[in-house]
Every structure is written in structure tokens, then in C-alpha cells.
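Chains as they are written, first to last, in the working numbering: chain D, 113 to 542; chain F, 444 to 591.
In short, the hints are calculated from the structure, not lab data. Treat the hints with care, since some could be wrong.
Said to hold, decoys possible - So the derived label-pair ranges between C-beta atoms look like this:
| # | chain 1 | residue 1 | chain 2 | residue 2 | range |
| --- | --- | --- | --- | --- | --- |
| 1 | F | Pro-446 | D | Val-400 | 38 to 48 Å |
| 2 | D | Ala-353 | F | Ser-474 | 48 to 58 Å |
| 3 | F | Asp-473 | D | Pro-449 | 48 to 58 Å |
| 4 | F | Leu-525 | D | Lys-519 | 19 to 29 Å |
| 5 | D | Lys-406 | F | Leu-525 | 21 to 31 Å |
| 6 | D | Ala-239 | F | Leu-525 | 31 to 41 Å |
Unchecked claim - Negatives, chain F to chain D, calculated, CB over 10 Å:
| # | residue |
| --- | --- |
| 7 | Leu-447 |
| 8 | Pro-455 |
| 9 | Ala-472 |
| 10 | Arg-500 |
| 11 | Asp-513 |
| 12 | Lys-546 |
| 13 | Val-568 |
Every residue gets a Cβ at the ideal spot worked out from N, C-alpha and C, and that includes glycine.
Listed below, chain by chain, are the residues.
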Amino acid sequence: MSTIVIEHLARVEGHGGITVELEGDTVTNVHFDVFEGARLLEPLVRGKRYDEVAPILSRICSICSAAHTLTSLKATENAFGIRVSPQTELLRELLFRGESIESHSLHLFLLALPDYLNYPSAIAVAADKPAAVLLGLRLKKLGNSIQEVVGGRAVHPVNTVLGGFGKVPAIDDLIALRSNLMQALSDCDTVIDIIASLPAADFCHSDTLYAALRSPNLDAYYTGDEVMVMSNGNRAIVNAADYRSLTNEKSVPHSNAKHSTFRGSPFMVGSLARLTVNPRRLTGKLAVAMKRLKLQLPADNPMDNNKAQALELINDVERALEIIEQLIRNGIKDERPIPVHPRAGTGTAITEAPRGLLIHSYTYDEQGHVVSADVITPTALNAASIELHFRRAVEQCAERDEAVIGKRLQMIARAYDPCISCSVHLVRRQ
Amino acid sequence: MKPLLIIGLGNPLMGDDGVGVRVSQLLAADSEIAVAADVIEAGTDLLSSLDRIEGRRRVILVDAVESLSDPGRISVIEGPLLEERAAYVHSLSAAQAVELMRKVMPGLQDTRFTWVLVHVPSARVSQEMSPEVAAAVPLAAAVVKGLL
Numbered sequence: 113m114s115t116i117v118i119e120h121l122a123r124v125e126g127h128g129g130i131t132v133e134l135e136g137d138t139v140t141n142v143h144f145d146v147f148e149g150a151r152l153l154e155p156l157v158r159g160k161r162y163d164e165v166a167p168i169l170s171r172i173c174s175i176c177s178a179a180h181t182l183t184s185l186k187a188t189e190n191a192f193g194i195r196v197s198p199q200t201e202l203l204r205e206l207l208f209r210g211e212s213i214e215s216h217s218l219h220l221f222l223l224a225l226p227d228y229l230n231y232p233s234a235i236a237v238a239a240d241k242p243a244a245v246l247l248g249l250r251l252k253k254l255g256n257s258i259q260e261v262v263g264g265r266a267v268h269p270v271n272t273v274l275g276g277f278g279k280v281p282a283i284d285d286l287i288a289l290r291s292n293l294m295q296a297l298s299d300c301d302t303v304i305d306i307i308a309s310l311p312a313a314d315f316c317h318s319d320t321l322y323a324a325l326r327s328p329n330l331d332a333y334y335t336g337d338e339v340m341v342m343s344n345g346n347r348a349i350v351n352a353a354d355y356r357s358l359t360n361e362k363s364v365p366h367s368n369a370k371h372s373t374f375r376g377s378p379f380m381v382g383s384l385a386r387l388t389v390n391p392r393r394l395t396g397k398l399a400v401a402m403k404r405l406k407l408q409l410p411a412d413n414p415m416d417n418n419k420a421q422a423l424e425l426i427n428d429v430e431r432a433l434e435i436i437e438q439l440i441r442n443g444i445k446d447e448r449p450i451p452v453h454p455r456a457g458t459g460t461a462i463t464e465a466p467r468g469l470l471i472h473s474y475t476y477d478e479q480g481h482v483v484s485a486d487v488i489t490p491t492a493l494n495a496a497s498i499e500l501h502f503r504r505a506v507e508q509c510a511e512r513d514e515a516v517i518g519k520r521l522q523m524i525a526r527a528y529d530p531c532i533s534c535s536v537h538l539v540r541r542q
Numbered sequence: 444m445k446p447l448l449i450i451g452l453g454n455p456l457m458g459d460d461g462v463g464v465r466v467s468q469l470l471a472a473d474s475e476i477a478v479a480a481d482v483i484e485a486g487t488d489l490l491s492s493l494d495r496i497e498g499r500r501r502v503i504l505v506d507a508v509e510s511l512s513d514p515g516r517i518s519v520i521e522g523p524l525l526e527e528r529a530a531y532v533h534s535l536s537a538a539q540a541v542e543l544m545r546k547v548m549p550g551l552q553d554t555r556f557t558w559v560l561v562h563v564p565s566a567r568v569s570q571e572m573s574p575e576v577a578a579a580v581p582l583a584a585a586v587v588k589g590l591l
């Protein structure tokens, strides 16, 4: 028996690794080793008052802090029967779009691009191809600017509260954002030029089950309460309140992230799943870009998640622009947050964070204190699917060269854009 | 825009790891600091503050550094920070982010970066810091003030 071990995944945050065991050419075991998990954070909110929960859980991740905040607020609002105004829903969607822009641009240009170009890091890419890195930084800055205007800060929003917003954005700030977004439209063309020019990553093919929020207007990350799971034309719908029938979490010995399967099969969440479930988003500029990227849906290659992120970048910029123009046209109303009247009960929310489905579910007592909490992140949902695709990649690799297999597996892991712990960031000095 | 920016880094949900953010919160409430500098938190994603960094004469970054001895000790380092291994959000550490920004953004070549590092023994899920590191928060804030 031979074993391939990648002890630490480079350019993937946190403590994660890969183990592959082979008997001759047969793959006997594949592990995506995860040594830490965000679920350990849930006890931190037990016993807390309803208005303390979102600010605490926002800290799970700096890249996805808006998604955690808004999903947390939506879950609590569902528990207390609060329905926010259309303007609040629009502003929350805008915040999601800003986060998606900053997250996808970071991932595509600073983390995934070095793989395709055979560089060890974004810093090395920057030495030879600074324009690509600058493009990524420029788009990331735009995404963070949207979050600052809407959420009050570039990360960990403070302006988003139960029932609405502490303060609505100033019209002048929205006008400035509109100008930056219009400039970003031309950057989006360059994004597609760059991604279309990358070498094909054609080393893992597999039937894949996809799960994504089925949004009522086809392109929302925030609204909607139904998840569609689909593969090869078969579809199933799961309501937010029944999320456990989607996740079916099970502990596995090699990972602190529980594994999820739907009716016994691993499933993939994230950009590729969103486009697969909501293909009617792909019109106009997106349809043209999709052809240039040679992306066909449903895809059987997890590496296509990178192409899907590039398409979503265009969609995010266009949709953010639409939302801002609508807000400017209609005029921003100085709405106060809807008053909160806590009550005993459970509220669940499912949204689309940049990396895929994000689930928060809380049970409150009559005074509005948390009795129990459940937070399931996209990387936890993807863990079993990542292992499945590792296995397929090794099975489909004609070479048994450890370096070749290792690189391919790491590229697959990074294509999922995993966020293993999104927490510790200690400096370890030389 | 003030020429000086102070950035607190870290995750307050991870115990001692959040010391940089705690220091920045203390400094943000200090009226003397407000005259001289802007103070922000960047969590674990320094690149999110790119917009705020551009155009500054000096940036002071307050962060945790893993150290098995001397918890609460404070080090000040000018210029590039060498890391053994970065375990940051999406594996782009604050030190790497500074290096990357300086490489591709000529406007940052003249910006002076100073690190104020608080030595911490570990980071584990908790909203409380260890007593030694908690005691270092006002000291680190004083060190930052002394740099102004």
C-alpha cells in the first residue's frame, strides 16, 4: 500500500490536509483532513440576548462577515416573526453583493491564479504579472467599499441590526459607489479575458449533486427559503426549516467538520451550484462570457467553480449597480428598524455566502435568550463532496507521480474556495 | 484623511488572538489619539482595509504573535515582518498582504509600516483573553501612543 499525504494545504486557510491511500492503482481511502471547525463557536452565543448574537457570530469570518451577520439577523427575525421592509431587503442584498465581489476577486486572483500559472503565491505572480493582481485588489477594494457604505465597516458590519439598519446610507455615498461600479464593468471584461486564457484544468470529472438557494427572483443571495438539490435532471426542494434533511450531518474520525450528504450522496455548494440551480440568471453579458469560458451546465468538473465565480463577479457588479440605481431613483427613506418583541421559538435562515449555502438556526426562550444555536458553513457542507472529487481525480490520473497528484488535489481543494476555520491568524515569526 | 492609521488585527472570538482588536478599541476611545490618527479594526483580513491604507504616511498594525514564553510581552518591529508559517484567513497573512500591496502599489512605497506585536501563548475559542494578555492591552495601547 502507498500513501500520499499533504500535511498542510497551501493557500487554503486553517489546518487542513489531504491523505490518499492506494493499493496498487486502486484508491482505497481518501481523507480531507480538517483539524478545526467553526462549530465550536456556537456555545459562545448560548444564553446571549437576541441583539448580541449577530455581532458575535459575524466574527466567525472576516471574509464572510456580512453573510454571517445577515444570516444571523434573518434567523432571529424568523424566530420573532419580524418582516423587514423592501428597502432593507434591497440594502441587505447590496451588502451580500459587495461581499461576493471582494471574496471572489480575492480567491480568483490571489489564491487560485497562482496554481494555473505555476507560481507559488500571489506575491510571486505580482512580480511578473502585476496587472492581474492589481485587478483583483481593485475589485476587492470595490467590494469592501460597498460593505463600508452599507454596513458601516469594510468587515464585520455594525450598521446592520434586527429589523433594518441603524442608519441608511447617504445618497452621496451611493452615487460615488455607482461611479466605481460603472468603472468596474470594464474590469469585468478583463476578468473574463484572464480566466478564459488560463490553461484547462481538466483532470477531474464526476457526476455532481448541486445544492443552492432557489431564489424567488432568480439571482438573490439573501431572499428565499428553499434549497434546490439537483443532478442529472433530478430535483428536490428542501425548506429552510427542514435543513437537517439536507445536511444529515455525521461525524467522521479524520475531520472536525461533520460531513453532510443528501439521501446518501455528497453535494456541492457555491458559485457553480448557484448557476446550475438558477440558470436563468445567465443572460446578456453573462451568456457571452459563459461561452468564452467554455462552461457548460450542469458541469462535471469541480474546477469549473472558478469559472462560475468569474461569471458571478460580472453578475454581482451588474446587480449592485441595478440596486443602487433603484435606491437613487426611488430615494432612500430614513427608515427606523422594526421594533423587536422577543418570543420563544426557533428561527432558521439559509442564505448564499460567497462559498455557498450558509445556515443559522437558533432557538430562543421567552425573554429572547439563546437556548441553542446551530451554524453550518459552506465548507462543512462541501467536505464530503471535496473528498469525492479527490477520489475521482486520483482514479482518473494516469500517472502515479506524487507531485502531479498532489498538485491536482490541492487545485481541487482551492477551487472549492474552502474556509476551514476562518478564525485564528497567529503570526509565527522566524 | 489623517496621515497616521492604526489598525487592530485579530479575532476576538479566538481568545488571545483578538488582542490587536482590543487594543484598537481602546485607542479608538482615546480623544488624544483621535486628533492624530484614524483607528480601525480589520479582523483577520488586512486587505479589506486597502482603501483606508492608501495615502497614509504611516500605518501601525497591532497584532498577536505566537510565543510560548513571555505571554503579554510587546515587540515593536519596523518594516517587513518575517513569518515562519502563516495560518491566516485564506492563507494570505497580514505580513503577506503588506508585502503584496507594496509590490503592486507604487503609492505605498513611501508608507512606513510599524508592527506592534503582543506575544500570546495560544488562540482557542473564547471571548476572554488570558490574564497576562489582557493585562498587556493598556500597555500595548501606551506603546502605540508612544510611537505617535
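Hint by hint, here is what the structure shows:
1. The supplied range of 38 to 48 Å is met by Pro-446(F) and Val-400(D), whose beta-carbon atoms lie about 46 Å from each other.
2. Roughly 49 Å separates the CB atoms of Ala-353(D) and Ser-474(F), a value that falls within the hinted 48 to 58 Å.
3. Between Asp-473(F) and Pro-449(D) the Cβ separation comes to about 30 Å, which falls outside the hinted range of 48 to 58 Å.
4. Between Leu-525(F) and Lys-519(D) the CB atoms are about 27 Å apart, so this pair conforms to the stated range of 19 to 29 Å.
5. Checked against the given bound of 21 to 31 Å, the beta carbons of Lys-406(D) and Leu-525(F), roughly 42 Å apart, lie outside it.
6. A hinted range of 31 to 41 Å is violated for the C-beta pair Ala-239(D) and Leu-525(F), which are about 18 Å apart.
7. No Cβ of chain D approaches the Cβ of Leu-447(F) within 10 Å, the least distance being about 18 Å, so the stated non-interface status holds.
8. Not every CB of chain D is more than 10 Å from the CB of Pro-455(F) (nearest about 6 Å), against its label as outside the interface.
9. The Cβ of Ala-472(F) lies farther than 10 Å from every Cβ of chain D, with a closest approach of about 15 Å, so its non-interface assignment holds.
10. With a minimum CB-CB distance of about 20 Å to chain D, Arg-500(F) clears the 10 Å threshold, and the non-interface call stands.
11. In this structure Asp-513(F) is separated from chain D by more than 10 Å, as the shortest Cβ-Cβ distance comes to about 13 Å.
12. Residue-level check failed: Lys-546(F) sits 5 Å from the nearest beta carbon of chain D, not beyond 10 Å.
13. Not every C-beta of chain D lies more than 10 Å from that of Val-568(F), the closest at about 5 Å, which undercuts listing it as non-interface.
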